[in-house]
Each structure stands twice: as C-alpha cells, then as structure tokens.
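Asker: Here is what each chain is made of, one letter per residue.
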Amino acid sequence: MKLVNTETIPGHPILEVKGLVQGSTVRAKHVGRDIAASFKNLVGGELKGYTELLIESRREATERMIGQARELGANAVVNVRFATSSVTTGAAELYAYGTAVVVS
Amino acid sequence: MSDIIELLINLGFFAFLLGLGYFVGSAVEKKHLAHLTKREAELKDIAVSNLRTLPPNWTATDARLVAGVCVIATDYFKTIASSLRNLFGGRVRSLETLVERSRRQAVIRMLEEARAAGANVVWNVRIDTMTIGNTKGKPSAVEVLASGTAFRVE
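If you're matching them up, the sequences are chains S and W in order. What the first sequence shows, in this note's numbering, is residues 1 to 104, in sequence order. What the second sequence shows, in this note's numbering, is residues 1 to 154, in sequence order.
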C-alpha cells in the first residue's frame with residue numbers, strides 16, 4: 001500500500017479511482033500524563049507524553065484508512081490529509097482521509 | 001494581621017511561579033531554539049516545498065507519506081503575559097515563539113523520517129496546528145502535525 005499526500009505518484013500512473021477513504025481515532029489523555037503536563041505548564045517545554053499520544057493516534061487513523069482502501073481493492077491512497085480537533089477537554093481527535101486508487 | 005500574612009504568602013507563591021516560569025522557561029526555550037537551528041542545518045540538503053506537483057523534469061521514485069508531531073507546553077510566565085496582553089491587545093510575542101518552536105520541531109521530525117527512508121525531497125508539505133488541554137479558553141499546549149510526501153530524486 002502506497003501512501004502519498006500528492007495528487008499523483010510519479011512513475012505510477014493512476015489506473016482506477018476507488019473513492020474516498022477515511023480513518024479517525026479519538027484519544028483521551030492519561031491522568032498521569034495530565035498531571036505531568038500541568039507541571040510542565042509551569043516551566044514550559046515539550047510534552048513528550050502528548051507527542052507520543054499523537055503519534056499513536058496518527059498511526060491508528062492511518063491504519064483504519066488503509067483498511068478501508070484494502071477493502072475497496074486499492075493499492076495506493078493519494079492526496080492524504082490529516083485533520084485534528086479537540087472534541088472535549090482532554091480528548092483529541094485525529095482524522096486521516098484520502099483517495100483510494102489503483103496504480104500500475 | 002493573619003489576612004496580610006496570607007496575602008503575602010499568596011503573592012510570594014505567585015511571584016515564585018512567575019519567576020520559575022520566566023527563568024526556567026526562557027532557558028528551555030533558548031536551548032530548544034539552538035537545537036532546532038542545529039538540526040535544520042543538518043537536514044538542509046533535503047529539498048522541501050509545499051508545491052503539489054514535482055517539476056516535470058525530475059524523475060522521482062519511492063513515494064511515501066512522512067509526518068512529524070510536536071506538542072509544546074506554555075510556561076507560567078507566558079500564560080500570565082498572554083492574559084495581560086488580552087487586556088490591551090497587540091502582538092503576543094511570548095506565544096509566537098511557542099508556536100514557532102512547535103512548527104519547526106514537527107517539520108524536523110518529518111524530515112528525519114524522510115531521511116531514514118532514504119529520501120532527498122519532501123513535497124506537498126502541510127502543517128496543521130491546534131491547541132490541546134484548553135483550560136478556561138487559554139491554550140496550555142500547542143500541537144503541530146506536519147505531513148508531506150517524501151521522494152528519492154536522482
């Protein structure tokens with residue numbers, strides 16, 4: 001499965017468009033991480049726990065999108081976009097979407 | 001009398017947090033900015049653009065999606081400084097550097113992923129920003145997600 005966020009893949013012309021595929025995940029922050037983060041809010045600096053949380057979320061959302069693309073019989077997803085939103089305080093949604101295609 | 005002592009203790013605690021935020025916060029920020037400049041110089045040979053298509057005379061191979069994430073917290077001084085700014089309006093410089101650091105770090109992580117994959121070009125870069133852990137409408141952390149397509153161009 002090829003994933004790109006450009007509209008075409010150089011050297012691999014698109015043979016067939018299978019349609020829009022998407023994957024999303026909502027992750028809540030961990031209480032321990034929350035407490036650590038509130039201390040970090042005094043002195044500033046990177047919130048490593050949250051960075052990891054978002055990396056996991058992105059992977060999960062991408063996996064779900066790939067799953068949908070597989071079901072449609074695609075072998076690539078082009079024009080992939082990520083969107084994020086905070087659903088409630090303490091929870092973050094990560095949403096990945098793209099166009100499933102068959103490339104040569 | 002006890003009221004005055006209580007007030008002084010509260011003021012002292014506030015001043016301590018403000019001082020801690022200011023001194024530790026600026027030290028962390030300075031160190032991080034120096035680290036960013038160094039990493040950016042090391043990754044300078046990767047061509048980066050937010051153009052959607054590659055120049056037609058380039059032959060690119062090994063297309064793959066790369067992404068980088070960074071979450072950076074505000075410090076106590078920045079929180080107070082920005083809420084004071086909210087009274088008068090204008091540029092909030094202390095938060096500008098915060099957003100800048102998050103963006104640069106996220107782009108660097110994206111480029112590191114591209115380099116690990118053996119790519120020398122990252123095209124169609126998109127940068128998404130949001131704030132998480134909002135308390136009373138004030139941002140407590142800035143989260144940035146940078147994504148792009150990495151290619152190998154000969």
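Calculated from the structure, these hints are not laboratory results. Worth double-checking, as some hints may not be accurate.
What the hints assert, rightly or not - In silico lysine-lysine, DSBU-like type, Cα no more than 30 Å apart, as pairs: (1) K44(W) - K30(W); (2) K44(W) - K31(W); (3) K30(W) - K48(S); (4) K31(W) - K18(S); (5) K2(S) - K30(W); (6) K18(S) - K2(S); (7) K31(W) - K2(S); (8) K18(S) - K44(W).
What the hints assert, rightly or not - Non-contacting residues of chain S with respect to chain W, defined by C-beta distances greater than 10 Å in every case (computed): (9) P13; (10) L15; (11) K18; (12) Q22; (13) T25; (14) T62.
Note that the Cβ used here is the ideal one computed from N, Cα and C, for glycine as well.
Asker: Sort out which numbered hints this structure fails and list those numbers smallest first.
Answerer: 4, 5, 7, 8 and 14
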